[in-house]
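Colleague: Here's the letter readout for the chains.
Protein chains: 2
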Amino acid sequence: MISVIKVGGAVVEDPAQLAILLDEFVKVEGPKVLVHGGGRTATQLATKLGIESKMVGGRRITDSDMLRIVTMVYGGLVNKNIVAQLQARGVNALGLTGADMNIVQAHRRPITPEGIDFGYVGDVDDADGERIQQLLQNGITPVIAPLTHDGKGNMLNINADTMAQTAAVALSSVSVGDVSLTYCFELPGVLRDANNPDSLISKISESDFKNLVADGTISGGMIPKLENAFSALHAGVSSVRITNIQDLQGGTLICK
Amino acid sequence: MISVIKVGGAVVEDPAQLAILLDEFVKVEGPKVLVHGGGRTATQLATKLGIESKMVGGRRITDSDMLRIVTMVYGGLVNKNIVAQLQARGVNALGLTGADMNIVQAHRRPITPEGIDFGYVGDVDDADGERIQQLLQNGITPVIAPLTHDGKGNMLNINADTMAQTAAVALSSVSVGDVSLTYCFELPGVLRDANNPDSLISKISESDFKNLVADGTISGGMIPKLENAFSALHAGVSSVRITNIQDLQGGTLICK
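Protein sequences, first through last, are from chains A and B.
Here the numbering used here is used: the first residue of the first sequence is 100, the next is one more, and so on.
Here the numbering used here is used: the first residue of the second sequence is 100, the next is one more, and so on.
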């Protein structure tokens, strides 16, 4: 089993939570990949530098100033701190963006039909599962920042959930064994009632999902997260889980 | 022949000069490693954020705020831009710090006898030449930022000349073939008269060096650069060159 684990900004940007996550991550057996976000630190740095953070539908508009910020924060600050802290825990981590060894090929997102230009935001074309697998076979633990390049010399900003899905699917396509994908966030998993942590839904199939969206139980940012999960399953990933850093084997299991 | 090429901040921070360098770098035959600086961008970013850049004898004092800056700038911005631009030129680059795959082991520099605390500045203990060589054998071109870690979870700032020397020496210790080390900077090489680019000294032996320092021809920051060069030669590096980005095979050859 190869484990691909994605952690969002709220976890990686809080030293105490990051320490808990990394302690749990170290315990995960077998080859593993960590994919991280870092959006809050990027927004904070942009604010300090007088650069406005523009969001459309929860997605960041990445102009050239913002691209510099996310390249610094995701590719440098957050990524290398995780690498250093994993090394201190005896995990031989390698920080990567999709540009490194060309592991993720992408193109700049075209202007949308509604006329929105997301700027230096990438849509993924392909990923090199063999190269990632080769690292794992050499005892290396990739730590992937949500960035890649356009093949023309520019870096591109990638949604971190998408990056995790991309890595898991690419590994599925070259692995004989199973690949699991785990999305970690603040809550214990998908909840029936967002205000009640005890209302965890332990398992969601694709037909459950349709019903839960129809009756309003699942809404907002959870919808694209679950759509990502199902598309990963359809592309060969064995299991997808949405959970909390303190319970990497628990939370909500997403199944076909 | 394995080539280790170091470029300073003035080159990597000017898009036009960087393009020239990368065009020349692509032409270098055989396995190669690029080591870069980025100090000016770090100083600029620190100034914008109201963080004071403290220098002692040309060396940066790296407190925790400055460590965040250099981790962002060297490990993120400068490193990933070079990687993206090498990928666009068909070179399969991999951006690294010494923390990645633990390729450079270091410790935090102790407070000097004069009472100077350089902060998060590293002194190198060892480097993993085998791991770097393995990358080269897999067709990967490492692009190394002047950063590493202390094994306790902290990143450390490393002098870029020292990082280049470390990589070259580590490769020499595991390679059957020759390893060359090239320091690129603004001038055509070591000059007899700093104001006259035609006064290039094409070759400097260790005894020449002593005479040139004694008569004042070589002074200031060139002295530690040449000392680094001789120590690399004594540690097994085949040849060291100090030159300009437009003449990677020219400039001043340093020999025992």
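Any given hint could turn out to be false.
The list makes no distinction among identical chains, and a pair is therefore deemed to hold if it is satisfied within one copy or across any two copies.
Said to hold, decoys possible - Straight-line distance between alpha carbons at most 20 Å, and here's what the computed EDC-like set of lysine to aspartate or glutamate pairs gives:
hint : residue 1 : residue 2
1    : LYS309    : ASP225
2    : LYS147    : GLU123
3    : LYS309    : ASP164
4    : LYS309    : ASP297
5    : LYS324    : ASP222
6    : LYS251    : ASP113
7    : LYS324    : ASP346
8    : LYS251    : ASP122
9    : LYS147    : ASP164
10   : LYS153    : ASP225
11   : LYS126    : GLU151
12   : LYS131    : GLU229
13   : LYS251    : GLU123
14   : LYS324    : ASP162
15   : LYS355    : GLU305
16   : LYS355    : ASP225
17   : LYS131    : ASP346
18   : LYS355    : ASP249
19   : LYS355    : ASP307
20   : LYS147    : ASP113
21   : LYS355    : ASP297
22   : LYS251    : ASP162
Hints in this document: simulated from the structure, not taken from any laboratory.
Colleague: Checking against the hints above, which ones are violated?
Modeller: 1, 2, 3, 4, 10, 11, 14, 16, 18, 21
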